[in-house]
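A.B. asks: Let the hints inform the model, and build the full structure from the sequences given.
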Amino acid sequence: DIRLTQSPASLSASVGDRVTITCRATKDINKYLNWYRQKPGKAPEVLIYDASNLETGVPSRFSGTGSGTDFTLTISSLQPEDVATYYCQQFDNVPLTFGGGTKVEMK
Amino acid sequence: VQLEQSGAEVRKPGASVKVSCKASGYTFTSHYIHWARQAPGQGPEWMGIFDPSAGTAAYSQRFQGRVTMTSDTSTGTVYMELRSLRSDDSAVYYCARDRQVIVSGDFYYNFMDVWGEGTTVTVSS
Numbered sequence: 001d002i003r004l005t006q007s008p009a010s011l012s013a014s015v016g017d018r019v020t021i022t023c024r025a026t027k028d029i030n031k032y033l034n035w036y037r038q039k040p041g042k043a044p045e046v047l048i049y050d051a052s053n054l055e056t057g058v059p060s061r062f063s064g065t066g067s068g069t070d071f072t073l074t075i076s077s078l079q080p081e082d083v084a085t086y087y088c089q090q091f092d093n094v095p096l097t098f099g100g101g102t103k104v105e106m107k
Numbered sequence: 001v002q003l004e005q006s007g008a009e010v011r012k013p014g015a016s017v018k019v020s021c022k023a024s025g026y027t028f029t030s031h032y033i034h035w036a037r038q039a040p041g042q043g044p045e046w047m048g049i050f051d052p053s054a055g056t057a058a059y060s061q062r063f064q065g066r067v068t069m070t071s072d073t074s075t076g077t078v079y080m081e082l083r084s085l086r087s088d089d090s091a092v093y094y095c096a097r098d099r100q101v102i103v104s105g106d107f108y109y110n111f112m113d114v115w116g117e118g119t120t121v122t123v124s125s
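From first to last, the protein sequence lines stand for chains A and B. The first sequence lines up with residues 1 to 107 when you count with the numbering used here. The second sequence lines up with residues 1 to 125 when you count with the numbering used here.
Fair warning: there could be bad hints in the mix.
Calculated lysine to aspartate or glutamate pairs in the EDC-like style (CA-CA distance at most 20 angstroms, straight line) [said to hold, decoys possible]:
1) K39(A) to E45(B)
2) K18(B) to E45(B)
3) K12(B) to D106(B)
4) K22(B) to E9(B)
5) K42(A) to E9(B)
6) K42(A) to D113(B)
7) K22(B) to E55(A)
Stretches of chain A that chain B covers, calculated by requiring three or more beta carbons in the stretch to come under 8 angstroms of a beta carbon on chain B [to be verified]:
8) 20-26
9) 63-76
Treat the hints as calculated values from the structure; they're not laboratory data. Note that CB positions come from ideal geometry on N, CA and C, so glycine has one too.
C.D. replies: This is the structure we're talking about:
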């Protein structure tokens with residue numbers, strides 16, 4: 001199975017801060033990586049697909065980069081509604097796998 | 001586009017549970033449906049994928065032999081049954097639609113664009 005390691009596991013930032021989350025895969029997954037945001041008590045929602053494509057309706061402060069084994073999700077200006085846990089997910093190989101998550105809190 | 005899941009369930013170890021996921025707002029047979037579960041404090045875990053147009057499924061090896069995915073095309077509902085339940089099967093179970101339009105003959109993966117609200121399954125003696 002492909003393992004996805006996210007870092008950091010948690011972070012605390014202020015409104016307006018730039019936030020960066022990384023996801024590293026145990027093998028080359030090309031660009032077959034998606035990013036999700038999960039607010040407390042809710043289902044995940046897709047933010048970025050195919051490593052760098054912004055899903056329709058998702059604010060432009062979210063962006064994704066990377067290919068191969070190393071990927072990054074950036075929030076350019078953190079907003080209060082971004083308090084959530086963020087997950088990367090690969091679809092290069094079955095079983096599909098998710099990272100362990102990065103919990104983003106507000107300072 | 002919406003996926004509506006059945007309500008919370010409580011089961012004893014060794015029992016089975018069947019969770020439903022009713023799709024609306026799109027053509028039921030045009031998109032794959034995934035099932036994933038999430039234990040408290042953990043990331044989601046993928047269980048498998050279902051093709052409503054063919055009635056076929058592909059399961060994660062981790063659940064092979066214990067899980068069955070089926071559907072009722074007349075109501076636009078997909079079901080996930082998990083058998084021989086253990087305490088570590090306690091989790092929130094989600095169905096999610098894949099953005100990929102179904103291509104007959106194989107499973108193709110993209111991203112999960114619509115999720116159900118989740119069904120809490122508790123396994124306890």
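A.B. asks: The structure should be examined with respect to each hint, and the outcome stated for every one.
C.D. replies: Here is how each hint holds up against the structure:
no. : hint              : verdict
1   : K39(A) to E45(B)  : holds (17 angstroms)
2   : K18(B) to E45(B)  : holds (18 angstroms)
3   : K12(B) to D106(B) : violated (36 angstroms)
4   : K22(B) to E9(B)   : holds (17 angstroms)
5   : K42(A) to E9(B)   : holds (18 angstroms)
6   : K42(A) to D113(B) : holds (14 angstroms)
7   : K22(B) to E55(A)  : violated (24 angstroms)
8   : 20-26             : violated (count 0)
9   : 63-76             : violated (count 0)
Going down the numbered hints, you'll see the structure goes against 3, 7, 8, 9, while the others check out.
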